[in-house]
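Keeping their order, the protein sequence lines are chains A and B.
The first sequence maps to residues 116 to 425 in the working numbering.
The second sequence maps to residues 211 to 468 in the working numbering.
Don't take each hint at face value.
Claimed, not checked - Simulated DEER-style distance windows between Cβ atoms:
id	chain 1	residue 1	chain 2	residue 2	range
1	B	TRP236	A	ASP242	25 to 31 Å
2	B	VAL389	A	LYS228	21 to 27 Å
3	B	ILE355	A	LYS175	19 to 25 Å
4	A	GLU295	B	VAL338	52 to 58 Å
5	B	LEU438	A	SER252	40 to 46 Å
6	A	ASP186	B	ALA468	18 to 24 Å
7	A	LYS228	B	TRP214	52 to 58 Å
8	A	LYS228	B	TRP236	23 to 29 Å
As the list claims (entries may be wrong) - Computed far set for chain A versus chain B, every beta-carbon distance over 12 Å:
id	residue
9	ALA134
10	ALA189
11	ALA217
12	ALA227
13	SER288
14	TYR292
15	ALA298
16	GLN341
17	PRO372
By construction, these hints were calculated from the structure, which means they are not laboratory data.
For every residue, glycine included, the Cβ atom is placed at its ideal position computed from N, Cα and C.
Each chain, letter by letter, is given below.
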Amino acid sequence: MPALDIQNLIKVYGEGTYALRGIDLRVDEGDFFALLGPNGAGKSTAIGIVSSLVNKTSGKVCVFGHDLDNDVVATKACIGLVPQEFNFNGFEPIFNIVTNVAGYNGIPQREAKIRAEHYLKRLDLWDKRRAAGRELSGGMKRRLMIARALVHEPRMLILDEPTAGVDIEIRRSMWDYLSEINAEQGTTIILTTHYLEEAEALCRNVAIIDHGEIIENGSVSALLSQAVQETFVLNLYQDITQAPSIEPFATRLRSEPNQLEVDVPKGQSVTDMISALKEQGIVVGSIRTKSNRLEEFFLRLVAQNEGSNT
Amino acid sequence: MSYWKLQWVAYCTIVRKEIRRFTRIWVQTITPPAVNAVLYMLIFGGLIGSRIREVDGFAYIDYLVPGIIMMGIITNSYGNVVSSFFGTKLQKHIEEMLVSPVSNSTILAGYVTGGVARGAAVGVIVSVVALFFTDLKPVHPLTTIAIVVLTSIMFSLGGFINAVYAKTFDECSIVPNFVLTPLTYLGGIFYSISMLPPLAQKLSLFNPVLYMINGFRYGILGVSDIPLWHSFAVIIVLIAILGAIAMTLLNRGVGIKA
Numbered sequence: 116m117p118a119l120d121i122q123n124l125i126k127v128y129g130e131g132t133y134a135l136r137g138i139d140l141r142v143d144e145g146d147f148f149a150l151l152g153p154n155g156a157g158k159s160t161a162i163g164i165v166s167s168l169v170n171k172t173s174g175k176v177c178v179f180g181h182d183l184d185n186d187v188v189a190t191k192a193c194i195g196l197v198p199q200e201f202n203f204n205g206f207e208p209i210f211n212i213v214t215n216v217a218g219y220n221g222i223p224q225r226e227a228k229i230r231a232e233h234y235l236k237r238l239d240l241w242d243k244r245r246a247a248g249r250e251l252s253g254g255m256k257r258r259l260m261i262a263r264a265l266v267h268e269p270r271m272l273i274l275d276e277p278t279a280g281v282d283i284e285i286r287r288s289m290w291d292y293l294s295e296i297n298a299e300q301g302t303t304i305i306l307t308t309h310y311l312e313e314a315e316a317l318c319r320n321v322a323i324i325d326h327g328e329i330i331e332n333g334s335v336s337a338l339l340s341q342a343v344q345e346t347f348v349l350n351l352y353q354d355i356t357q358a359p360s361i362e363p364f365a366t367r368l369r370s371e372p373n374q375l376e377v378d379v380p381k382g383q384s385v386t387d388m389i390s391a392l393k394e395q396g397i398v399v400g401s402i403r404t405k406s407n408r409l410e411e412f413f414l415r416l417v418a419q420n421e422g423s424n425t
Numbered sequence: 211m212s213y214w215k216l217q218w219v220a221y222c223t224i225v226r227k228e229i230r231r232f233t234r235i236w237v238q239t240i241t242p243p244a245v246n247a248v249l250y251m252l253i254f255g256g257l258i259g260s261r262i263r264e265v266d267g268f269a270y271i272d273y274l275v276p277g278i279i280m281m282g283i284i285t286n287s288y289g290n291v292v293s294s295f296f297g298t299k300l301q302k303h304i305e306e307m308l309v310s311p312v313s314n315s316t317i318l319a320g321y322v323t324g325g326v327a328r329g330a331a332v333g334v335i336v337s338v339v340a341l342f343f344t345d346l347k348p349v350h351p352l353t354t355i356a357i358v359v360l361t362s363i364m365f366s367l368g369g370f371i372n373a374v375y376a377k378t379f380d381e382c383s384i385v386p387n388f389v390l391t392p393l394t395y396l397g398g399i400f401y402s403i404s405m406l407p408p409l410a411q412k413l414s415l416f417n418p419v420l421y422m423i424n425g426f427r428y429g430i431l432g433v434s435d436i437p438l439w440h441s442f443a444v445i446i447v448l449i450a451i452l453g454a455i456a457m458t459l460l461n462r463g464v465g466i467k468a
């Protein structure tokens, strides 16, 4: 049984704007799934419909076999949502914010307090439990929203840009925590993010949505295998004044005289590229990718889709 | 977990949250009605009232007090729900409930109970204040309690509908300022409608607040301008109408869903 099964989902806003144009999407139980797309592509609308914040125009949404139209209570009980915007009561102590949400999910007060303590401690917020939500830093607010979404221990957690505005250290600790609950508790996680390295690092499967349509859907590894080339930045042991010619690799000079940028086409190995440079007397000290592979694939795909739409 | 147990826990959570909210800001919510009541009783009851003859066989201060108490109950049950639910919409934490398996009727019941709780709390406090000015004992305590609860439910529903439509704080105060206050003041707080000219008496019968104040006055003093069953009938019919409207708005997601 899929964790999420969306069929021909359409959303037309009041003024006639199509936000979703009949998308089909299936997320398996236990998956760590990324829903990617440019701003305004329809990601948040899709998530809003699944989590009952947005009314759909037509189509079918099932969560763990529960139909959103016919069995809304059971559907909602399976879902925890971390929305993009902070949406808690800024005047309420954060302990109460978490226990309230537990109560809305039918967890009696005594159990709600135990769970709130567990999740606030796990997300390093226990010391702030009596602070009002508005007194927290941006990173703390993000973690509060995760604690709140997990307090009823949902089978599916939906995160809409959970690490936006969060510093690197906290982002990495959030990645670790999300990976942990996915691996250990088997929680299905659906993530939207603008940080594509986040999606590449965390997710097994990905769908790319643009102009309200799914334009790509598959495993991260399968999508990355479609990448036509990968660009590397090389630190050289010596300065160079001219980019060497090493077919079939394209090379470019960078602003630093001891740095070189090289495109490695699909099917060619990095070892071959380094050997080719060595033959020309250029020794590579260190190497790194210029940009995230998924990011390059995503940009190319969206650009293609933009071209076909125009 | 059974559906009903889930809804019960959720209902208790909303009620607890609502009571915590208005008690946390007691200076804004509980104190002003008590201060207002003292002023009304001092000025209209003590200073001016001492020069007014009896009304329906009661000293004017005694006749006035049930109206003052009911005014506090009406404005506070309405105000509690309109401000709380609008704040919930504005800060978007309504979404906490919308994504949870809480039914719309549970959400509505929770907010209305919060409004009833504040209305009742204000009613008790104003009653205690009134004891400094007069010696009142309800003649019909059950009627008094029933009218308080039903009136609070009715105005809490009204506040809820107002909050659903409101987009700004101004829109939350339009109804209380321009509809509720005039209806309350003209609903027989300060006078018996038998003191009005015949046309004004007939027009007063279209004011729903008249039925609530007179029902409450019957419970406290045992006198009323209108039959008691009229009061109950009007309040119950209005609760049914406003309840149906509120549920329809919630089910359609008006003002809370895209």
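Hint by hint, here is what the structure shows:
Checked against the hint of 25 to 31 Å, the C-beta distance between TRP236/B and ASP242/A comes to roughly 28 Å, which is consistent with it. Checked against the hint of 21 to 27 Å, the pair VAL389/B and LYS228/A fails, with Cβ atoms roughly 42 Å apart. For ILE355/B and LYS175/A, the hinted distance range of 19 to 25 Å is not satisfied, since their beta carbons lie about 49 Å from each other. For GLU295/A paired with VAL338/B, a C-beta distance near 55 Å keeps the hint of 52 to 58 Å intact.
In this structure the supplied range 40 to 46 Å is violated for LEU438/B paired with SER252/A, their Cβ-Cβ distance being about 59 Å. A C-beta distance of roughly 22 Å is found between ASP186/A and ALA468/B, which places it inside the suggested range of 18 to 24 Å. Roughly 23 Å separates the CB atoms of LYS228/A and TRP214/B, a value that falls outside the hinted 52 to 58 Å. Our hint of 23 to 29 Å for LYS228/A and TRP236/B holds, since their Cβ atoms are close to 24 Å apart.
With a least beta-carbon separation of about 9 Å from chain B, ALA134/A fails to lie farther than 12 Å from that chain, contradicting its non-interface assignment. The non-interface label for ALA189/A is inconsistent with chain B: the shortest C-beta to C-beta separation is roughly 7 Å, within 12 Å. Not every CB of chain B lies more than 12 Å from the CB of ALA217/A, the least distance being 8 Å, so the non-interface label is violated. With a least CB separation of 8 Å from chain B, ALA227/A falls inside the 12 Å interface cut-off, contrary to its annotation.
No beta-carbon of chain B comes within 12 Å of the beta-carbon of SER288/A; the shortest separation is about 24 Å. In this structure TYR292/A is separated from chain B by more than 12 Å, as the shortest Cβ-Cβ distance comes to about 21 Å. The Cβ of ALA298/A lies farther than 12 Å from every Cβ of chain B, with a closest approach of about 25 Å, so its non-interface assignment holds. Distance check on GLN341/A: its Cβ is at least 34 Å (rounded) from any Cβ of chain B, clearing the 12 Å threshold; non-interface status holds.
The beta carbon of PRO372/A sits about 53 Å from the closest Cβ of chain B, which is more than 12 Å, so the claim that it is off the interface holds.
Hint violations for this structure: numbers 2, 3, 5, 7, 9, 10, 11, 12, all remaining hints satisfied.
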